[in-house]
Structures are given as structure tokens and as C-alpha cells.
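Visitor: Taken in sequence, the protein lines are chains A and B. With my numbering applied, the first sequence covers 336 to 791. With my numbering applied, the second sequence covers 336 to 791.
For the record, the hints were derived by calculation from the structure and aren't laboratory data. Incorrect hints may have been included.
Which copy is meant is left open, because identical chains are indistinguishable; a pair holds if it fits in one copy or across any two.
[Unchecked claim] Derived DMTMM-like pairs: lysine to aspartate or glutamate, alpha-carbon spacing no greater than 20 Å straight-line:
(1) Lys-528 with Glu-490
(2) Lys-401 with Glu-681
(3) Lys-559 with Glu-606
(4) Lys-454 with Glu-344
(5) Lys-528 with Asp-581
(6) Lys-559 with Glu-589
(7) Lys-556 with Asp-585
(8) Lys-637 with Asp-758
(9) Lys-454 with Glu-474
(10) Lys-559 with Asp-581
(11) Lys-434 with Asp-549
(12) Lys-401 with Glu-356
(13) Lys-559 with Glu-490
Protein chains: 2
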Amino acid sequence: MVNTLFLPELREMLESQNHEEMREFCNSLHAATTAEFMEGLNAEELWQVLAHAESGTRNQIFLYLKHERQIELINGQDRREIARLIAEMSADDRVDILKDADPQVVTELLQLVPSEDRKEILRLQSYPEGTAGAVMTTEIAKLHETLTIASALQEIQRQSATYETIYYLYVVDDSDRLLGLVSARQLISSLGKPDRKITDLMESELITVDVDDDQGEVAQKVAKYDLLAIPVVDHQHRLLGIITYDDVIDVVREEAVRDAHRISAVDPLDESYMRTDLITMCRKRGLWLGLLFLFALLTTYKLHSYEAHLNVWSWLVFFIPLVISTGGNSGSQSATLIITALVSEEIALKDWPRIVRRELVMGLMLGGTLGLFGLILGWFVLPADITSRGAILVLPITLVLVVSCGTFLGSVLPLVFQRLGWDPALMSNPFVSGLIDIVGIVVYFNVARLLLSNGG
Amino acid sequence: MVNTLFLPELREMLESQNHEEMREFCNSLHAATTAEFMEGLNAEELWQVLAHAESGTRNQIFLYLKHERQIELINGQDRREIARLIAEMSADDRVDILKDADPQVVTELLQLVPSEDRKEILRLQSYPEGTAGAVMTTEIAKLHETLTIASALQEIQRQSATYETIYYLYVVDDSDRLLGLVSARQLISSLGKPDRKITDLMESELITVDVDDDQGEVAQKVAKYDLLAIPVVDHQHRLLGIITYDDVIDVVREEAVRDAHRISAVDPLDESYMRTDLITMCRKRGLWLGLLFLFALLTTYKLHSYEAHLNVWSWLVFFIPLVISTGGNSGSQSATLIITALVSEEIALKDWPRIVRRELVMGLMLGGTLGLFGLILGWFVLPADITSRGAILVLPITLVLVVSCGTFLGSVLPLVFQRLGWDPALMSNPFVSGLIDIVGIVVYFNVARLLLSNGG
């Protein structure tokens with residue numbers, strides 16, 4: 336939502352080139368709020384206003400802009416100024432932004448950035464998207480193992496502004512191998528003993544992640560251990576970077592969206608919805624849609640095989656969509672409940688007998704209720720020509736069986752996928768529904784045959 | 336997953352009453368790991384081992400146990416010991432645990448807990464589930480506005496152990512009204528000026544939340560502003576508590592699960608899957624399933640109205656499930672993409688013309704591909720008796736139209752819901768599918784009528 340509250344004032348300031356007011360606008364509010372108020376401006380106007388922010392603040396406001404807007408500014412505004420902005424950003428932020436900018440512009444910008452930053456950018460860019468390396472930042476408070484409390488404190492006072500967090504301080508040896516962690520909390524509690532070595536304070540049993548670990552696993556670890564930051568190490572246990580809680584919150588949100596997409600049979604997008612081009616989107620959706628189509632084709636063959644029944648009891652056709660969609664819905668409910676419980680580790684594979692029992696009971700309860708519903712419908716509501724004595728029981732009995740099949744398959748399939756080491760979210764709702772379409776048709780026609788061959 | 340790696344050793348320690356080893360087991364590993372290794376023990380065994388942990392560690396290990404296990408211990412083990420454990424916990428943790436324990440036990444425990452803690456527990460329990468008040472903790476580093484840097488530092492050194500975080504220090508006036516925030520980072524940088532007042536350092540433009548704000552909104556604020564903690568205030572702006580990043584991570588995960596449930600038409604559960612009793616579950620699922628059933632009933636009426644067509648071209652029935660499920664799947668994909676993008680604020684209502692245009696193009700692309708598929712199928716694969724010259728075109732044309740209707744409705748409906756101020760996730764996949772079932776049938780039979788009346 337674009338906040339247009341301040342737009343007229345901003346435009347007026349720009350028109351009258353009121354530098355004093357622009358300066359105040361940029362520096363007096365929270366950077367996130369300033370960014371929000373500026374969203375309505377076009378890139379040139381925005382860049383002009385932004386020039387009035389103090390350098391640290393400018394960087395912050397820029398980071399709170401929408402990603403699309405950031406890219407637009409990077410690609411279009413004065414290279415030299417942009418390079419200065421990039422040099423000020425933290426390592427993880429700038430890699431995140433540069434990866435989507437015009438490659439030609441990035442090449443030009445990299446030449447204008449101090450060589451140390453340039454190397455850093457190139458190095459971080461080399462980690463594949465979705466790994467710990469791609470999310471981490473390299474601005475870490477690293478302390479050499481020989482430091483005392485007093486000298487450590489001096490060190491972080493001096494460097495404070497350049498670190499992403501000073502609340503976790505990492506102790507390393509000569510070859511940058513991670514030895515342990517001293518929290519700012521411990522440091523403050525020990526201010527009275529300035530000559531003690533930091534290695535006396537440090538916690539050496541650390542939870543770490545590997546640089547090529549999946550970002551989802553990293554987030555789960557941080558959430559499980561309630562960490563403020565988690566160190567990222569290479570195979571020699573050298574400290575490469577850290578991932579802080581704010582990046583973890585972003586990852587958790589991102590992963591939740593990916594899971595939701597998988598549950599609805601969309602291959603998760605690498606970019607946001609709007610930034611994904613149509614061809615990529617078509618591929619990511621078409622693949623699954625095509626598979627599901629082939630799957631649904633089986634219903635055609637199945638129905639074709641029941642042609643004789645349809646010729647005798649032609650009214651059966653009226654309830655086909657009702658039967659299969661009800662089964663599919665109950666199956667989707669079960670699949671989603673089981674998948675989300677598996678992902679958040681509320682249930683485990685070993686619970687399967689209890690889960691399947693629960694879902695079967697649930698299927699009978701839900702199916703029974705709907706069946707009763709169906710019975711009443713058949714008696715009072717439906718056109719008389721489709722309700723002979725036998726017909727009245729076909730729908731209720733089918734519903735009980737199909738809903739139970741739905742809850743059973745919807746719960747078992749994600750568990751089977753988990754057991755096979757596959758992502759249970761792949762056993763998505765459309766697949767469960769598709770399967771139940773076929774099962775539903777088989778159940779329906781067999782119930783009909785059994786009941787109607789005698790009495791119908 | 337229960338980690339059974341250490342179970343034999345643990346059982347042996349218990350049998351031989353090897354106190355030394357149990358002490359080491361409890362105190363040398365990370366509390367989360369100890370808790371994991373103990374999951375396989377029964378409640379009595381676990382409690383015996385836990386007795387060997389140092390008091391702070393025991394508390395931590397307890398908090399890492401599964402919630403069910405915590406409740407079991409609270410309800411069943413020695414009241415006096417449990418009361419001691421509870422007194423040690425932070426305010427938000429104990430309220431979280433006590434709310435699920437046996438009320439009779441809780442009453443007994445509260446009498447054994449120091450009176451100050453008791454009042455705190457009763458107060459926090461009074462905030463409704465899902466609000467900021469219910470998530471916050473009250474162990475805050477509050478500093479009076481008159482303090483100097485040196486005295487503030489002394490204060491937090493003295494109290495460090497009792498605060499949830501000492502990295503954000505909140506400055507309050509005489510009546511506990513929130514004036515501002517000093518970070519430990521600022522305090523450390525200003526160690527050289529011990530006599531300055533903390534009000535000189537403090538940031539007074541604070542992002543706060545109201546005690547009865549929804550926890551989801553709180554999480555979004557924290558994520559947006561990258562905060563370590565957010566203060567919770569009442570209507571007089573008095574500081575009641577804070578919500579820290581680790582609780583926010585939990586809230587984000589919880590909310591993601593709730594969204595996933597809504598998307599699959601399950602009323603979100605208040606408890607975990609396993610802890611929700613069957614009656615509650617049946618109610619939460621049955622309501623939506625029933626609504627969807629009524630909705631699906633419309634397909635019956637619709638099909639009944641096309642009886643004449645079915646009598647003439649009886650083969651039409653074979654493709655009904657294929658047509659409606661393909662439409663439903665494409666609709667579910669769109670709905671999920673739009674709902675997740677709306678929730679994560681990647682798109683906004685005002686983008687609707689672009690979104691709808693995109694989805695329509697996507698529908699034509701996907702429908703076109705599947706239609707081509709359908710054409711090839713009709714020509715080469717399907718039984719000859721269902722492929723007259725006219726019939727061969729019915730399926731492809733229907734597919735293009737139905738898939739486009741799917742992407743259109745799947746994108747428009749969540750936007751309409753958002754516009755009306757309702758939760759877009761309510762326009763869940765099963766509803767979109769249900770609607771497309773009806774639309775699909777109408778489209779299918781009309782395409783058939785048009786093509787077949789002349790040439791079929």
C-alpha cells in the first residue's frame with residue numbers, strides 16, 4: 336500500500352527546492368517511516384530527497400524501500416553516488432540488492448567501490464541462493480583468543496559501528512578458526528575484572544552451521560536454540576560470517592511462503608510474485624498442472640469403464656462432482672494438517688499409527704455427518720426422478736466411504752513421503768485431491784452397483 | 336523424532352543411581368541437546384535425572400522439553416519442586432506452560448510460589464491468547480530517567496540474570512511511562528563518559544505495540560523494523576513488558592501454519608494437531624466441509640439442467656472430472672500465489688489491474704498448452720467412440736476457457752476479500768475450486784452445445 340499522506344508536501348519541497356525541510360524530513364523520522372512516505376515519488380524525485388539524508392540514515396532509508404524501487408535507483412541514478420551508498424551497506428544487504436540489478440551496471444559499480452568491498456561482494460555472490468553462505472553477513476565482531484576483557488571492550492568500542500551486532504563476540508585463533516563465544520552480557524558482568532582473558536569467559540560448546548547448509552535448516556536451528564545469531568563456518572571450522580535473528584525472521588517468512596506454494600502445487604518462486612516473469616511462472620505452474628492433468632486423465636478412463644452403469648442409471652452422473660470434490664476437500668484438510676505439523680515438528684513419523692487412527696475416526700465422523708445430510712437431501716430436496724428407493728442410500732454411503740478415504744490418504748501420503756526422505760509438502764493438496772477423484776469414482780460406482788442391482 | 340542414542344546409558348545411570356554421571360549429563364551439554372536425549376524416558380525417570388541439573392540449567396532443560404511432556408511433569412511430580420522450577424522461569428514461559436496444566440494442580444502450585452510471582456502469573460494470564468499481552472515477558476531492564484551511564488551500568492550488572500535481555504534498556508519516568516530506549520551498544524560506546532545522563536543517549540522515537548494488539552501484527556512490526564525487542568505499552572503509554580525476537584520467530588511460524596490451514600479450509604487450531612481433541616477437530620473441519628458440500632451441491636443441479644445434452648452426447652460425462660479438476664488446480668495455484676503475496680505485502684490492492692492481466696495471460700498460456708495436449712490426446716489416444724470430428728475440439732477449447740476462468744477467479748477473489756477488509760486466506764483453495772467446478776461445467780456444456788449442434 337503506498338502511503339500518500341506526505342506526497343503533496345514532498346512534491347512542494349522539491350518544487351521550491353526547500354533543502355532545510357527535506358533535510359528534516361529525511362533525518363527526523365524512523366528510516367522505515369521515511370521510506371514508506373517516499374514510495375509515491377518517482378525515482379528521480381526520491382533520489383533528490385534522499386540526497387538530504389545524513390549518510391548513515393540515507394543507507395537505512397534506502398534499505399527500507401521496496402526491492403523493485405531499490406533496483407530502479409541502482410540501475411538509473413548517478414553511478415558514483417550509488418557506489419558510495421553500496422560501500423556503506425552491510426555485506427549481506429548489498430549482495431541481496433546487487434544480484435537483481437542490471438549486470439552491466441553492477442560491473443561499472445564494482446569498479447567504483449573500494450577494492451576490499453569489491454572482493455567481499457564477489458566472494459559472497461558466489462554462494463548459491465538459499466544457502467547459509469548467501470544469507471550471512473561478514474561484519475562480525477571477531478576477537479583474538481589472546482585478548483583480555485579490557486582490550487576486547489576497547490576493540491568493540493572502536494569498531495562498534497561496523498559490526499552487524501556487538502552482542503555476540505566470536506573468539507578465533509590465528510587461522511580464524513572459531514573457538515567460542517563471549518556475549519556482551521558476560522562482558523558487562525565482568526567489567527570489574529578487566530585483566531581476565533576472554534577465553535575464561537567464553538562459551539566453547541557452540542551451535543554452528545555450515546556455509547552450504549540450507550537456509551531453512553539454519554532458521555530451524557536458530558529458532559530451536561533461541562539464538563541472537565548463529566556463526567557460519569567452513570569445513571575447517573573457520574568463521575566465515577554470522578546470520579542474525581532479523582535475517583532468520585525473513586527466512587522463516589520466506590520458507591513459509593515456499594511451503595504454502597508447494598502445498599498448492601506451485602514450484603516455489605525464486606523471486607517475488609511480481610518480479611517473476613511470465614515464462615518462468617508458466618514453467619513453474621505448468622509442470623505441476625500438466626502432471627495433475629495426466630493424473631486426472633485416469634478419471635476419464637475410469638468413467639469410460641463404467642459406461643454400462645451410466646447407461647442403466649444415468650442419474651449417477653449428477654453426483655460425480657459432489658462426491659469427488661467432497662472427498663478431495665477432506666483429503667486436502669488432512670494433508671495440510673499433517674504437512675504443517677510435520678514441518679513444525681509437532682508430530683513425528685513414529686506417531687503414524689495414532690495419526691492414521693485419528694484421521695480414520697475423523698473421516699467416519701465427518702463422512703457420517705455429511706452422509707446424514709445427503710440422506711435428508713435425497714428424501715426432501717432432490718428432484719423426484721433421481722430418487723428411487725435404492726438411490727436414496729447410494730449418496731450417503733458413498734460419502735462416508737469417500738470422506739474416510741480422503742482423510743486416510745491425506746494423512747498417509749505425506750507420512751510416506753517423509754519416510755522416503757522426500758519433502759512431504761510435495762504430496763500437495765491437488766495431488767491428494769486428484770487421487771481421491773479416482774478413488775471416489777471407483778467407490779461411488781461400486782456402491783451404486785451393489786445397492787441398485789437388486790433394488791433400483 | 337525421539338533421539339534414542341543415549342537411552343541405554345541413561346537407564347543404566349538410573350539403575351545404578353550413578354549421581355556423578357547424571358550430574359555430568361545434565362550440565363555439560365547444551366540444554367536443548369540434553370532435553371532431546373531425555374525425550375525417550377518416562378516422566379518419573381526424566382524427573383529423577385533432571386534433579387541433578389544445576390538450578391538454572393534445570394530450568395533451561397525443562398523449557399526445551401516437548402510441551403506435552405512439560406505438562407505431564409507439572410501435573411504429576413512433586414508440587415514443591417515444581418513450584419520452585421516455576422518461580423525460576425521467566426514470566427512469559429511459565430504462563431505459557433501453566434495455561435495447559437490441570438487447573439486444580441495450578442491452584443495448588445500458585446500457593447507454593449512466592450507471592451510476587453503469583454501476582455505476575457495471574458496478571459499475565461488475564462491477557463487473551465493471541466494478543467501482545469499474552470506473548471510478552473515482564474522481566475525488562477527498566478531504568479529510571481535520572482540515572483547516569485555509570486549507575487545504569489551498575490544497575491544492569493546487578494540485575495543481569497533476571498532480565499530477558501539487557502541489550503535494550505528502557506527508560507521510564509516515575510509512573511512507569513516509557514520515555515525511550517538505550518541500547519547496550521550505545522552504553523558500551525559511552526563507557527568513557529560515566530557521568531552523562533542516560534536520557535542524553537536515549538532514542539525517544541520508539542516503535543511500540545499496544546498490549547491488546549494482535550500477535551501477528553506485532554511480528555510484522557518487529558520484522559519490518561528489524562528489532563531485537565519491541566516494548567508493549569498500555570493506553571497511558573506505561574511500559575508493561577517486551578516481546579523479544581525469539582518469541583517473534585515463534586509467532587511468525589505459528590501464523591504461517593494458521594495461514595496454511597485457512598488456505599486449505601481448516602479453521603486454524605488453537606492447539607497443536609495432536610493436542611486438539613477429536614470433537615474440536617471435527618467442528619473446525621466439519622463447518623467448512625459442510626459449507627463446501629452445499630456449494631458442491633450446485634454442481635448437481637447444474638448437471639441436472641444439462642440432462643438433455645447428456646442424453647444426446649453421453650460421452651461428455653467422461654471428461655467432467657478432468658475439466659473441473661484442471662480448472663480447480665489452476666485456480667488454487669493463483670489463489671495461493673495471490674494470498675501469500677498479499678500476506679507478505681509483496682503486492683497491494685492497487686496492483687489489481689496488473690495482477691488480473693498477468694493471471695489472464697497466464698491462464699491463456701497454461702490453458703493453451705493443456706488444450707494442445709488435449710487435442711493430441713483426442714486424436715491419438717482416446718477410444719474412437721468418443722472422438723467424432725466435432726468432439727475433438729470440445730476438450731481443448733473447454734480447457735483454455737476453464738483454466739483462464741481458474742486463474743482469473745483465483746486471483747480476483749482473494750483481492751476482493753482483501754478489499755472488503757476480510758482475510759484473503761478465507762478465499763481458500765477449496766472455495767475457489769468449488770466455484771470453478773460450477774463454472775467449468777457451464778463452460779464445458781456450452782462449448783459442447785455450440786460445437787456439436789452443427790457438426791457432432
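Visitor: Which of the numbered hints are not met once you compare them with the structure shown?
Guide: When the structure is compared with the hints, numbers 4, 5, 8, 12 and 13 turn out to be violated.
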